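In order, the protein sequences belong to chains A and Z.
To convert, note that position 227 of the first sequence is 226 in numbering that gives the first Met the number 0; the numbers rise steadily by one, no gaps.
To convert, note that position 116 of the second sequence is 115 in numbering that gives the first Met the number 0; the numbers rise steadily by one, no gaps.
Hints in this document: simulated from the structure, not taken from any laboratory.
Please read all numbers here as calculations on a predicted model, not as lab measurements.
Backbone N, C-alpha and C define an ideal beta-carbon position, used for all residues, glycine too.
Some hints could be false.
Over the 12 Å line for every Cβ pair with chain Z, so calculated as not near, a few chain A residues [claimed, not checked]:
id	residue
1	Tyr2
2	Glu20
3	Ile155
4	Pro329
5	Ser358
The calculated DSS-like cross-link candidates involving lysine-lysine, where the alpha carbons are at most 27 Å apart (straight line), are [claimed, not checked]:
id	chain 1	residue 1	chain 2	residue 2
6	A	Lys369	Z	Lys103
7	Z	Lys71	Z	Lys14
8	Z	Lys134	Z	Lys57
9	Z	Lys134	Z	Lys27
10	Z	Lys27	A	Lys369
11	Z	Lys27	Z	Lys65
12	A	Lys154	Z	Lys14
13	Z	Lys134	A	Lys369
14	A	Lys154	Z	Lys129
15	A	Lys306	A	Lys382
16	Z	Lys134	Z	Lys116
17	Z	Lys105	A	Lys154
18	Z	Lys123	A	Lys124
19	Z	Lys85	A	Lys154
20	Z	Lys27	A	Lys154
21	A	Lys154	Z	Lys95
22	Z	Lys110	Z	Lys134
23	A	Lys71	Z	Lys123
24	A	Lys336	A	Lys320
25	Z	Lys129	Z	Lys57
26	Z	Lys129	Z	Lys116
27	Z	Lys103	A	Lys344
28	Z	Lys71	A	Lys369
29	A	Lys333	A	Lys306
30	A	Lys320	A	Lys333
31	Z	Lys134	Z	Lys85
32	A	Lys124	Z	Lys116
33	A	Lys71	A	Lys42
34	Z	Lys105	A	Lys369
35	Z	Lys116	Z	Lys65
36	A	Lys179	A	Lys336
37	A	Lys71	Z	Lys95
38	Z	Lys85	A	Lys344
39	Z	Lys116	A	Lys154
40	A	Lys71	A	Lys48
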Amino acid sequence: MWYFRNPLIVFGDDALEHLREIKGKRALIVTDAVLVKLGFVDKIAKELKHAGIEHRVFAEVEPDPSIETVRKGAQVALEYEPDWLIGLGGGSSMDAAKMIWMLYAQPDTEPYAIVPFQDYDARSKAHMICIPTTAGTGSEVTWFMVVTDTVEQRKIAVGTPEALPDIAILDSRLVGDMPKELVADTGMDALTHCVEGFGSTWRTDFTNGPALIAMKLIFKYLKRSYDDASDKEAREHMLNASALASMAWSNGMAGLAHNMGHALGGFFHVTHGRSVGLYLPYNMEYLAEAGAEVFAEAARFIGLEGKTDLELTLALVNGIKEIARHLGQPSSVKELKIDKAAYEKALPEMVERAVGEVSTPTVLRVPDEKDMERMFLYAYEGKVVDF
Amino acid sequence: MAIFATQEWLDEIAKLLNDDPAYAEGAKNWEGDFLYIIEPDEVEPNPSYYYMDLYHGKCRKAIMLKDPSEVKAEFEISATYSNWKKILTGELDGNKAMMTRKMKFKGNMTKVMKDVKAGQAYAKALALLKTEYIK
Chain A
0 MWYFRNPLIV FGDDALEHLR EIKGKRALIV TDAVLVKLGF VDKIAKELKH
50 AGIEHRVFAE VEPDPSIETV RKGAQVALEY EPDWLIGLGG GSSMDAAKMI
100 WMLYAQPDTE PYAIVPFQDY DARSKAHMIC IPTTAGTGSE VTWFMVVTDT
150 VEQRKIAVGT PEALPDIAIL DSRLVGDMPK ELVADTGMDA LTHCVEGFGS
200 TWRTDFTNGP ALIAMKLIFK YLKRSYDDAS DKEAREHMLN ASALASMAWS
250 NGMAGLAHNM GHALGGFFHV THGRSVGLYL PYNMEYLAEA GAEVFAEAAR
300 FIGLEGKTDL ELTLALVNGI KEIARHLGQP SSVKELKIDK AAYEKALPEM
350 VERAVGEVST PTVLRVPDEK DMERMFLYAY EGKVVDF
Chain Z
0 MAIFATQEWL DEIAKLLNDD PAYAEGAKNW EGDFLYIIEP DEVEPNPSYY
50 YMDLYHGKCR KAIMLKDPSE VKAEFEISAT YSNWKKILTG ELDGNKAMMT
100 RKMKFKGNMT KVMKDVKAGQ AYAKALALLK TEYIK
């Protein structure tokens, strides 16, 4: 027995209008200060007004939101008593909104203790809409949340099916003005999601479809989306690809790039998409032989060539590297200007955290601590993984 | 090979854990005891219970219980006989079993989630265990 969970998805360049259809009294919009300044919140407020729903804004979400921030947001929710929460923004705002929702329902819950097999009764208090303004995290279709424990310098990834949004609104107008760097970082996140979802031992018929379509769309449109902000077709397809990619991994599992990326981000504050995208090719080289049959299927689907499964897998790795280069992404940790001594000092803890993540045992070749350490070191220097 | 849910089987588990340096290292920070409940189902109509005390990479105690009220454990894990068998033979992934509520867990999740490494070391050590099932 297993599940494929998904919110109602509203998409297209007028998708925000769906907000006029929702029933309720009060909505709490969880977002960041930049999106308020850019007028995105006003667009949401305008639609809510049509629906006769009053709103309040919690715009204190920072990149890599902290446990303190989500607790503060939950306090606002407890005082305002909304029947809708709206997560507006990138992964940080949407993840924070979902966590605020859980803490609003169960104020005594510890964020660390949110797990898939307990009841939080979140919908007795409110329902959730997520509206992405970037094309990559796909948080709008998942029940996972990443928040940062600033005391332990640690990103914690938790989830419960109850945190799956009721509605995801993919309005392509909201991603039209994304700056290039954000297109690149979030696009690499989406690419990592679909590759890891497809390469997970928890893959199913239901996750394989979205993963393959997402991969094909990203290979076709990510560079275009990066090169030309006025390319509406590319931006819209990337927004859709982001959601599809996250349907794939969140109904299966993520993989090593996420585990290593979380560890790096916790210590060195590298953006999520950039860090996971950096580690992805190294992980795929590590998995290449064990996962050749699986990755070759993806490579064939997106039109890459090779005589054997391994050649096709390596063509996929090279295709990912080529996209990353085009987007100006770092190809090694060294290129991020992270001091080698500091990296090596953090290494034992990063290895322990990466090995300890729940998705590590679900990859096609499970690394022990020694192999994980070598991957971290090879990625620092930019060496091809040959072990 | 010991029979599932017998004292002999628990003795083997305790020995496996206590002789395993990888478990000692992986679970070196863990302190916590567990009540395991084997719920009745169509295969095994009688419930059974066992208890394990895991402390800093060692198994201090592993005993069958006649009554679950004999102990007050920090954590409680329960599943039917058939589902325990599927989990222990690898037919059903432990994480998936919990997510589909085929295995239920009670206790302080914050403590567990902060020491995933100990759980992984435990699972890895137990993967070597050979178990006989009479049903």
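Comparing the hints with the structure gives:
1. Remark: the non-interface label on Tyr2 (chain A) conflicts with the geometry, its nearest Cβ contact in chain Z lying 8 Å away (cut-off 12 Å).
2. Under the 12 Å C-beta cut-off, the non-interface status given to Glu20 (chain A) relative to chain Z holds; the minimum distance is some 32 Å.
3. Against the 12 Å criterion, Ile155 (chain A) falls within the reach of chain Z, whose nearest CB is about 8 Å from its own CB.
4. Under the 12 Å C-beta cut-off, the non-interface status given to Pro329 (chain A) relative to chain Z holds; the minimum distance is some 29 Å.
5. A Cβ of chain Z approaches the Cβ of Ser358 (chain A) within 12 Å, the least distance being about 10 Å, so the stated non-interface status is violated.
6. Under the criterion of a C-alpha separation no larger than 27 Å, the hint pairing Lys369 (chain A) with Lys103 (chain Z) is inconsistent with the structure, at around 33 Å.
7. Taken as a hint, the Lys71 (chain Z) and Lys14 (chain Z) pair is honoured in the structure, with Cα atoms around 23 Å apart against an allowance of 27 Å.
8. Between the alpha carbons of Lys134 (chain Z) and Lys57 (chain Z) the distance comes to roughly 30 Å, so the proposed pair goes past 27 Å and is violated.
9. With a C-alpha separation of about 35 Å, the suggested pairing of Lys134 (chain Z) with Lys27 (chain Z) is violated against the 27 Å cut-off.
10. This hinted pair checks out: Lys27 (chain Z) and Lys369 (chain A) have alpha carbons roughly 18 Å apart, not beyond 27 Å.
11. Of the supplied pair hints, the one linking Lys27 (chain Z) and Lys65 (chain Z) is violated, its CA atoms being roughly 30 Å apart against a limit of 27 Å.
12. Between Lys154 (chain A) and Lys14 (chain Z) the alpha-carbon distance is near 36 Å, which puts this suggested pair outside the 27 Å criterion.
13. Distance restraint check for Lys134 (chain Z) and Lys369 (chain A): the Cα-Cα separation of roughly 40 Å exceeds the 27 Å cut-off, and the hinted pair is therefore not satisfied.
14. Under the criterion of a C-alpha separation no larger than 27 Å, the hint pairing Lys154 (chain A) with Lys129 (chain Z) is inconsistent with the structure, at around 37 Å.
15. Only pairs whose Cα atoms come within 27 Å are accepted, and Lys306 (chain A) paired with Lys382 (chain A) is accepted, the gap being roughly 25 Å.
16. This hinted pair does not check out: Lys134 (chain Z) and Lys116 (chain Z) have alpha carbons roughly 33 Å apart, beyond 27 Å.
17. Note on Lys105 (chain Z) and Lys154 (chain A): the hinted pairing holds, with a Cα-Cα distance of about 25 Å set against a maximum of 27 Å.
18. A hinted pair counts as satisfied when its Cα atoms are at most 27 Å apart, and Lys123 (chain Z) with Lys124 (chain A) does not qualify at roughly 41 Å.
19. Under the criterion of a C-alpha separation no larger than 27 Å, the hint pairing Lys85 (chain Z) with Lys154 (chain A) is inconsistent with the structure, at around 33 Å.
20. Between Lys27 (chain Z) and Lys154 (chain A), the direct Cα distance comes to roughly 22 Å. Compliance with the 27 Å bound is thereby established for this hinted pair.
21. For the hint pairing Lys154 (chain A) with Lys95 (chain Z), the CA-to-CA distance comes to about 23 Å; that is within 27 Å, so the pair holds.
22. For a cut-off of 27 Å, the pair hint linking Lys110 (chain Z) to Lys134 (chain Z) is broken: about 35 Å separates their Cα positions.
23. Distance restraint check for Lys71 (chain A) and Lys123 (chain Z): the Cα-Cα separation of roughly 40 Å exceeds the 27 Å cut-off, and the hinted pair is therefore not satisfied.
24. At roughly 19 Å between alpha-carbon atoms, Lys336 (chain A) and Lys320 (chain A) fall within 27 Å of each other, so this suggested pair holds.
25. With a C-alpha separation of about 20 Å, the suggested pairing of Lys129 (chain Z) with Lys57 (chain Z) holds against the 27 Å cut-off.
26. Using a Cα cut-off of 27 Å, the hinted pair Lys129 (chain Z) and Lys116 (chain Z) holds, with the two alpha carbons roughly 23 Å apart.
27. With a C-alpha separation of about 39 Å, the suggested pairing of Lys103 (chain Z) with Lys344 (chain A) is violated against the 27 Å cut-off.
28. In summary, the hint linking Lys71 (chain Z) to Lys369 (chain A) is not supported, as the alpha carbons are separated by about 39 Å, beyond the 27 Å threshold.
29. Restraint check for Lys333 (chain A) and Lys306 (chain A): the C-alpha separation of about 34 Å exceeds 27 Å, so the hint is violated.
30. Using a Cα cut-off of 27 Å, the hinted pair Lys320 (chain A) and Lys333 (chain A) holds, with the two alpha carbons roughly 16 Å apart.
31. Distance restraint check for Lys134 (chain Z) and Lys85 (chain Z): the Cα-Cα separation of roughly 12 Å lies within the 27 Å cut-off, and the hinted pair is therefore satisfied.
32. Of the supplied pair hints, the one linking Lys124 (chain A) and Lys116 (chain Z) is violated, its CA atoms being roughly 35 Å apart against a limit of 27 Å.
33. Simply put, Lys71 (chain A) and Lys42 (chain A) have alpha-carbon atoms about 25 Å apart, close enough for the 27 Å limit, and the pair holds.
34. For a cut-off of 27 Å, the pair hint linking Lys105 (chain Z) to Lys369 (chain A) is broken: about 33 Å separates their Cα positions.
35. About 31 Å separates the Cα atoms of Lys116 (chain Z) and Lys65 (chain Z), which puts this hinted pair outside 27 Å; it is violated.
36. The hinted pair formed by Lys179 (chain A) and Lys336 (chain A) meets the criterion: a straight-line CA distance of about 21 Å does not exceed 27 Å.
37. Taken as a hint, the Lys71 (chain A) and Lys95 (chain Z) pair is broken in the structure, with Cα atoms around 33 Å apart against an allowance of 27 Å.
38. With a C-alpha separation of about 42 Å, the suggested pairing of Lys85 (chain Z) with Lys344 (chain A) is violated against the 27 Å cut-off.
39. Simply put, Lys116 (chain Z) and Lys154 (chain A) have alpha-carbon atoms about 16 Å apart, close enough for the 27 Å limit, and the pair holds.
40. Annotation: proposed proximity of Lys71 (chain A) to Lys48 (chain A) holds, straight-line Cα distance about 26 Å (limit 27 Å).
Hints 1, 3, 5, 6, 8, 9, 11, 12, 13, 14, 16, 18, 19, 22, 23, 27, 28, 29, 32, 34, 35, 37, 38 from the list above are not met by this structure, while the remaining hints are.
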